[in-house]
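A.B. asks: What follows is the residue order along each chain.
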Amino acid sequence: MAESLSKGAAGAAAPLLEVRGLVKQFGGRRVVDDVSFAVARGETLGLVGESGSGKSTSARCVLRMLEADGGEIHFDGEDVLALERERLRRLRRRMQVVFQDPHGSLNRRRTVEQALAAPLAAHGIGDKATRRARVAELLELVGLSAGFAQRRPEQLSGGQAQRVAIARALALEPEFVVLDEAVSALDVSVRAQVLNLLRTLQRELGLTYLFISHDLAIVRYMAHHVAVMRHGRIVEAQPREQLFAHPQHEYTRSLMDAIPVADPETEQRRILGVS
Amino acid sequence: MSPALAALAVEGLTVVADAGRGRELPIVRDVSFTVARGARMGLVGESGSGKTMTAMAVMGLLRRPLRITAGSVRLGETDLRALRGRALGRVRGGRIGMIYQDPMRSLNPLHKVGDQISETIRLHTSLSRREAGARVLELLADVGIADAAAKARAYPHELSGGMRQRVMIAMALSADPEVLLCDEPTTALDVTTQRRIVELLVRISREREVAMVMITHDLGVAAGFCDEIAVMYAGRLVEQAPVRELYAAPRHPYTEALLGAACDLTLPLERPIPTIAGQPPLPGQLASGCSFHPRCPYAQEVCVEQRPPLETAADGGGRVACHFALTREEVRHG
Amino acid sequence: MPESTTTGAVAAPRASLAERLRRLPRPTLLGVSAGLLLLLVLLLLAAPLVARWDPAEQNPAIAFSGSSWDHWFGTDDLGRDLFARVLYGGRLTLLISGGAVLVAFVLGTTWGFLAALRRGIVDELLMRTADALMAIPQLLFALVCISAFGASTLNLALVIGVLLAPTTARMARSVALQEMSRDYYAAAVAYGARRRRLLLAELLPNAVPLLAVQAAINAAGAMILEASLSFVGLGIQPPDASWGTLLKEGYQFLYQRWEYAIFPALAILLTIWMLNVVADQLGARSNGGRR
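Chains A, B and C, in that order, are what the protein sequence lines are. The first sequence begins at 4 in our numbering and counts up by one. The second sequence begins at 156 in our numbering and counts up by one. The third sequence begins at 710 in our numbering and counts up by one.
The reader is advised that the hints may include incorrect statements.
[As the list claims (entries may be wrong)] Label pairs and their in silico Cβ distance ranges:
1) A:S257 x B:P427: 25 to 33 Å
2) A:A132 x B:P220: 36 to 44 Å
3) C:A993 x B:G177: 26 to 34 Å
4) A:Q245 x B:E286: 54 to 62 Å
5) A:G55 x B:R361: 26 to 34 Å
6) C:L852 x A:L91: 46 to 54 Å
7) A:L91 x B:K267: 42 to 50 Å
8) A:G31 x C:I845: 35 to 43 Å
[Unchecked claim] Output of the computed footprint for chain C on chain A, the stretches with three or more beta carbons under 8 Å from beta carbons of chain C:
9) 109 to 117
10) 122 to 134
11) 165 to 178
[Claimed, not checked] To give an idea of the interface, some chain A residues facing chain B are shown, with a C-beta separation under 7 Å as derived from the structure:
12) S54
13) S192
14) A195
15) L198
16) I262
Since the hints were made in silico from the structure, they are not lab data. Virtual Cβ for every residue (Gly too), placed ideally from N, Cα, C.
This is chain A alone, in the form it adopts within the complex (with noise of 0.2 Å):
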């Protein structure tokens, strides 16, 4: 199935990340078991599983923020597990990532402004006014004014702070960006919000995503192509419309069943019905 998902998304050109056969072990259990995707530039794959099924420490070995036991990272054709230092560093330039928790991804003692340009100085990207232009810039990308580049974290929304924690991905123009649960903390209508800025980002920057959530209807709005993960496995890579319009594995059939509607009359049919 994999298989069917790196042709499907690589289409006429080559995929700009492909991961095969994948294995991460913590403590001899495999986390990550022979995982393989695609995702092809300018698209979105989208990684659903429920809370330790192994799609955030894919994403991570990806990053190479954690060191994977077994498989092939190819980003762009270049391997991305044979990397040494240095040219890792300089492959991050390309690939960021976004967290869950919009608070626990900036540091509590920073400014924005201070948050946005450590990008920045970590590359020895231009000088301070240049990096204070650029900051600017981000957070009118993000849809933030200026005046936020003086507050501070506490100082924030959950929305404002993932603004900025997305702001600092773009920082580096990076040509994929991983979402790991970037929206999962949100309240509703701020996480409406954030889902158009990403698209919208998406669109307008060319960019590339690995979208993973524990949420199919959300993936279903972002990705064009979604895997399922499972203990550790994929049991299903489609095409969005294939997905949701005929999902092969049971699992995948449980997780859009369990999907809440704003509709009681569905929804009390479900639970009442049940129980």
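Please arrange chains B and C on chain A, whose structure you already have, making use of the hints.
C.D. replies: Relative to chain A, chains B and C alone:
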């Protein structure tokens, strides 16, 4: 429903945060609702809307700088605000219980879950240690834990998130409460677990006739759980209605917007998700008139000048606080 | 409920609310004890201005005189002014303890952060060394070192600092590991921050509150160690004197002149007490800030 029958009756509840120098920030403003025995109400709103603070106030759990300045909370015949010290302790966790989003917050990591439940039982009943132990197993089985005996011997960290939430529910049920407040009980859980916990809560409310209030920002979850929904914005109730009516025809623009922003499998893919412009206001920076007017697409001059009272809707099915509730309804039906 | 309460109570947002509360001048236990410590340090630094006698000036004619207007704490066996000696002794104690705290901070933080950053075998090695150092009785270790290298002020500060470093290292390591598990750190790794930046810009500022607590504890520990060493005769050597040396000398004459021993002892006791209060309060505060 007559107030005499209500398991929980909240009247004019007002909570402020002391901001020093005699200034007070309004957190919960004049909130009233009743929940009958065995009924399930949803308290819906964004974070900062005051829904959790309402629940904490009902439980008498507010700490400085927060305090209740007005209103009453009645549990059947009992006025909770008049209770102090030991009497309050007996009611809290006894006749009224609360479960939280993060069960780890209320479970002691150093004790086996069975012992913790047993302790709660013995606190609120006169059962012996042995009897309490038997009751623990009953309760665990009751909340759908298959191998109750084994799970009772587990420590909280050895259990999955859904299992911990079940343990919390068992603990809350141990004193046979009349009212259970559930603060985002499923938000931290996977969708499939979420569904099972909602099912469990619904079953309990029916079998034991427990009145429940579920605090949530997720209208999907609320749809399956509640028979009635109260929507909060900026510390006030802006709409309250039976669940089907509210979803079919929201009367308040905020409710309408919340429903529009919800993600489910029917969401059209080609256009942006409808959102509510701007941010929820902070307690100290509330707009004049209707607090929602800066974000409201229907706002008129009157919304800036006058706060719409929470009034029984024209068709009598619920309450709404909007100057244009009626007009909008006519537009919809006409 | 009248509408005026809601519109009337327009106030600053959350953050500046906390800001204002913080600015209110309320005497806290932390403020008082830290203020007293600061006062003590200033007093010790100003010793030449405060003391009316040279601490080394002997005057056998008035040996063992009690408290008097001329000699507030009395005089010692050689007729030296005890008040001056306690003040000047305090300077040495301060110097040694301060030096030791600095050594422990720099050494311990580097040690702990390195262990946390490197993990694996380096971590094992560093932390087992720390365990080993902590397993040796402190006084014994200090005795051996001082016997070998001599009891200069610098040596004392170094040895005591090294002795306090392992606890600091453990604290630094656990703080670092905790911070490293947070997403902001992961994000910094992901955007390619170099190790030095991770250490100095991300970890250190967040570790400072807890390290400050440790520093206060260390200062108290350093004073006790210094006093113990001096008491067994391996601290500051006569004619110079630290509080520990003074305590030892006074102890020999306890039955002739109680003031001789009691004042240095009180100085040590009160300072350590205040340091512990400061450590306690700082600790409570940084825990509160963490939620």
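A.B. asks: Look at each hint and say if it fits the structure.
C.D. replies: Verification of the hints:
Remark: the range hint 25 to 33 Å for S257 of chain A to P427 of chain B is upheld by a beta-carbon distance near 30 Å. Checked against the given bound of 36 to 44 Å, the beta carbons of A132 of chain A and P220 of chain B, roughly 42 Å apart, stay inside it. About 28 Å separates the C-beta atoms of A993 of chain C and G177 of chain B, a value consistent with the hinted range of 26 to 34 Å. A hinted range of 54 to 62 Å for the beta carbons of Q245 of chain A and E286 of chain B is consistent with their spacing of about 57 Å.
Judged by the Cβ atoms, the range 26 to 34 Å given for G55 of chain A and R361 of chain B holds: they are separated by roughly 32 Å. Range check, L852 of chain C to L91 of chain A: about 50 Å between beta-carbon atoms, so the 46 to 54 Å window is met. Restraint check, L91 of chain A to K267 of chain B: a C-beta distance of roughly 45 Å satisfies the suggested window 42 to 50 Å. Under the hint 35 to 43 Å, the C-beta atoms of G31 of chain A and I845 of chain C, about 37 Å apart, fit the expected range.
With a threshold of 8 Å between beta carbons, the proposed coverage of the segment 109 to 117 of chain A by chain C holds, since 5 of its residues qualify and at least three are required. Given as covered by chain C, the segment 122 to 134 of chain A passes the check, having 4 residues with a CB less than 8 Å from a CB of that chain where 3 are the minimum. With 5 residues bearing a CB less than 8 Å from a CB of chain C, the segment 165 to 178 of chain A meets the requirement of three and the coverage assertion stands. The restraint placing S54 of chain A at the interface with chain B holds, with a minimum CB-CB distance near 6 Å, inside the 7 Å limit.
Taking 7 Å as the C-beta contact cut-off toward chain B, the hint placing S192 of chain A at the interface holds, the least distance being around 5 Å. For the restraint placing A195 of chain A at the interface with chain B, the shortest Cβ-Cβ distance is roughly 4 Å, inside the 7 Å limit, so the hint holds. With a least beta-carbon distance of about 6 Å to chain B, the hint placing L198 of chain A at the interface is held under the 7 Å criterion. For I262 of chain A, the interface hint holds, since its Cβ comes within 7 Å of a Cβ in chain B; the closest pair sits about 6 Å apart.
Checked against the numbered hints above, the structure violates none of them.
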